[in-house]
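**Student:** Given only the sequences and the hints, what does the whole structure look like? Please build it.
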Amino acid sequence: MSRTLAVPALAALVLLAGCAAPPPAESGAPGDPGAEQSLECAQMVTNSGGLNDRSFNETSWAGMERAQEELGVEVNALVSTTESDLAPNVAAAVGTGCGFVLTVGYELVAATEEQAAANPDVQFAIVDEIVEAPNVRSIVFDTAQAAYLAGYTAASVTETGIVATFGGGNQPPVTLFMDGFAAGIDAYNEAKGTQVELLGWDPESQDGTFTGDFENVSLGQSQTQAFISQGADVILPVAGQVGEGAFRASLDAGGEALVIWVDNDGYDTLPAEFHPLLLTSILKNTEDAVVGAVEDAVDGTISNEPIIGTLDNGGVDIAPFHDLDSRVSDETKAELDALRQQIIAGEITVESPSSP
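Read in order, the letters of the sequence shown are residues -20 to -1, 1 to 336 in mature numbering (1 follows the signal peptide of the UniProt record, and there is no 0).
Watch out, some of these pointers could steer you wrong.
As the list claims (entries may be wrong) - Distance windows between CB atoms, simulated: (1) Arg307 <-> Asp101: 48 to 56 Å; (2) Asp279 <-> Ser202: 44 to 52 Å; (3) Glu285 <-> Gln321: 24 to 32 Å; (4) Glu285 <-> Leu51: 17 to 25 Å; (5) Glu195 <-> Glu50: 27 to 35 Å; (6) Glu170 <-> Ala98: 48 to 56 Å; (7) Ser309 <-> Glu170: 48 to 56 Å; (8) Asp101 <-> Glu63: 22 to 30 Å; (9) Glu311 <-> Glu285: 36 to 44 Å; (10) Ala318 <-> Glu94: 41 to 49 Å.
Worth flagging that the hints you see were computed from the coordinates, not collected in a lab. Where is the CB? At the ideal position from N, CA and C, for every residue including glycine.
**Tutor:** Have a look at this one:
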């Protein structure tokens, strides 16, 4: 079933302090394929970043909460705080007897594969990863398309002619952003005859700068300090909570660098003190995708059809420029609108080895 994913301009995510516990399994132990399943409830397992990560755990949970409100499905989150929590949490989610289990991120691929194979009557879905199994729906996003627009924007506003990016780890959901960002900068250089330089990522070698972590904010701060010292004045961190360190480093440097956020609109989810530095955000409409996956599972049909967010179906885009709207010229805004339509029409293909 195809999905239309509409990205709202402002997506305020209000997390509940807790939610009702799901009904207990009627038979079987956690992970036991003999446990009776029910779509009266749905479970979500976070990666080790936790629930309030200002990233895809948070937006995935917002989708689960909407599913509870709109579809009457009781939802519950099992929060992983360390890697050792991951596999047990997925087994525990299956053991509740709920017929839908959502897992979030690359850390949960192996546990999802294992439990999906052992529980063919449970509908699984995983965010930001591809799992090949008859009962697993992969929820992925062609973020390179939206990152292309962000890269074009960054190249248009830089005053030093140097922009930068870094990731939390060298993995497809991260490098997909970086490939699109690089392509957008190249497009601006070609259109305008400029030579804006990108630090932190080489799309040819598929290698660049990575913190090796998605939670330690100080790593993002120190890396951004290094980029600022090299002249970069626009930074794209693709590293979850680590990206907040980019704002900290820029504030410490007197606001020398603007920052582009990822996954959700940082204007809604980040501290207000960061707003004057937030150029835009590269959006993934995870919330609507999760609601759609739960809705499709309500009738009990098991599917492995992926949900792929694109500019065309509203699954990805860039956020408004908010406080920095005046930094982006009317000419650039018109060019971004034209580029968006060219990508949707297939006249521009944003290529990446990591494209879904």
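**Student:** The structure should be examined with respect to each hint, and the outcome stated for every one.
**Tutor:** Status of the hints after comparison with the structure:
For Arg307 and Asp101, the Cβ-Cβ distance of about 53 Å falls inside the hinted range of 48 to 56 Å, so the restraint holds. Checked against the hint of 44 to 52 Å, the pair Asp279 and Ser202 passes, with Cβ atoms roughly 50 Å apart. For the pair Glu285 and Gln321, the supplied restraint of 24 to 32 Å holds, since their beta-carbon distance comes to about 27 Å. For the pair Glu285 and Leu51, the beta carbons lie near 19 Å from each other, so the given range of 17 to 25 Å is met.
Separated by about 31 Å at the C-beta atoms, Glu195 and Glu50 satisfy the suggested range of 27 to 35 Å. Separated by about 51 Å at the C-beta atoms, Glu170 and Ala98 satisfy the suggested range of 48 to 56 Å. For Ser309 and Glu170, the hinted distance range of 48 to 56 Å is not satisfied, since their beta carbons lie about 18 Å from each other. Look at Asp101 against Glu63: about 28 Å separates their beta carbons, and that is inside 22 to 30 Å.
The given range of 36 to 44 Å is respected by Glu311 and Glu285, whose C-beta atoms sit roughly 41 Å from each other. A hinted range of 41 to 49 Å holds for the C-beta pair Ala318 and Glu94, which are about 47 Å apart.
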